[in-house]
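Counting along the sequence shown from 1, when you hit position 73 you're at 73 in UniProt numbering, and nothing is skipped either side.
Don't read these hints as lab results, they were simulated from the structure.
Note that CB positions come from ideal geometry on N, CA and C, so glycine has one too.
Everything hinted at is true.
FRET-style restraints, in silico, Cβ to Cβ:
#1 A249 with R333: 29 to 37 Å
#2 A93 with S40: 29 to 37 Å
#3 G19 with D283: 37 to 45 Å
#4 R119 with H171: 14 to 22 Å
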Amino acid sequence: MIPMIRAASLRGFVPLVEGLGGDADGLLARFGLTRQGLESDEDLIPITANDLVLDSAADELGCPDFGLRLAEAQDLSILGPLAVVIESSSTVAEALAVASTYMFVHSPALSVAVEADPRRGRGVVALTYRKDVHESPYSPQAIELGLGLFYRVSVMLVGSRAGLRSIEIPHRPLSPVSRYTGFFGADVAFGRPTAALRVERRLLDEQFATADEAIRRLAVEYLAGHYPDPARKLSTQVRRALAGSLGTAPPAIAGVARLLSVHPRTLQRKLAAEGASFASILDEVRRDAAHRHLTTSDLPLGQVAALVGFTEQSTLSHAVRRWYGSSPRELRRTARRTTPSK
1 MIPMIRAASL RGFVPLVEGL GGDADGLLAR FGLTRQGLES DEDLIPITAN
51 DLVLDSAADE LGCPDFGLRL AEAQDLSILG PLAVVIESSS TVAEALAVAS
101 TYMFVHSPAL SVAVEADPRR GRGVVALTYR KDVHESPYSP QAIELGLGLF
151 YRVSVMLVGS RAGLRSIEIP HRPLSPVSRY TGFFGADVAF GRPTAALRVE
201 RRLLDEQFAT ADEAIRRLAV EYLAGHYPDP ARKLSTQVRR ALAGSLGTAP
251 PAIAGVARLL SVHPRTLQRK LAAEGASFAS ILDEVRRDAA HRHLTTSDLP
301 LGQVAALVGF TEQSTLSHAV RRWYGSSPRE LRRTARRTTP SK
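Please take these sequences and the hints and turn them into a complete structure.
Here is the structure:
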């Protein structure tokens with residue numbers, strides 16, 4: 001299954017593009033999206049399409065801070081029911097814990113966490129924001145949007161910037177550094193391993209004025225009852241195991257079963273109970289990986305075939321035609337016509 005994200009992630013995209021003189025409908029259409037499809041926050045869209053349309057808009061409109069501008073137009077409410085739990089939490093630590101647990105409601109490809117400070121500062125921790133690049137390619141604009149919103153929500157809940165040490169961004173600056181420091185009100189470091197807000201550890205104990213234990217308890221019960229964690233499904237575990245080993249080890253059911261500590265026949269039986277099969281999951285993982293490599297890289301087709309676990313380039317060609325109705329080269333050419341070069 002292609003990783004998705006709630007349509008709320010692009011809230012404000014259309015007016016921002018049109019305000020910059022761009023064709024929002026045309027941009028969305030290139031990636032299989034529509035204005036109408038963004039009207040309901042709860043609808044799901046492919047996260048790769050979400051991210052590519054952000055990168056394309058920034059490139060074509062000559063607006064390198066597009067992600068930061070969109071972050072300025074959004075707020076905590078884009079997280080839907082998860083926002084209620086976060087806002088009613090008693091402390092920063094409690095809010096981050098629930099956000100970490102239920103971020104899959106917004107998108108299973110995204111995660112937030114509290115981690116050790118990468119610079120080993122005394123009394124400092126890193127509030128990290130990650131996207132699983134096994135699921136979808138890295139997007140500079142999407143990372144800046146997510147990190148910018150993460151920062152704005154944090155300031156809104158805590159009430160000030162006090163305690164923020166610096167911002168960590170994995171890619172090079174897209175805009176003048178002054179744009180970043182003006183947005184975040186702190187030093188910004190680029191080329192870092194993980195997107196993060198470095199903050200004083202004491203901030204984790206900050207109390208929220210919006211705390212309400214009764215509302216929080218009801219909201220958590222609602223999330224638990226209506227949004228089962230996909231990570232607990234065996235089919236998700238199999239998918240992640242295959243995505244992580246594809247191209248490095250033969251995609252055999254025996255190997256995955258051994259990794260998950262179950263017998264192959266038990267694995268097949270439990271997958272069938274979830275309406276899936278090892279073969280169908282492997283086909284989906286190969287399809288998504290092939291599409292990612294073909295549309296976001298210039299790797300030779302033989303290498304792409306190897307990366308998705310095929311021994312022959314011809315096998316890749318047959319599979320891509322079955323999946324997308326075109327040859328690998330045609331799929332790549334189409335992507336190059338619709339995606340700006342970096």
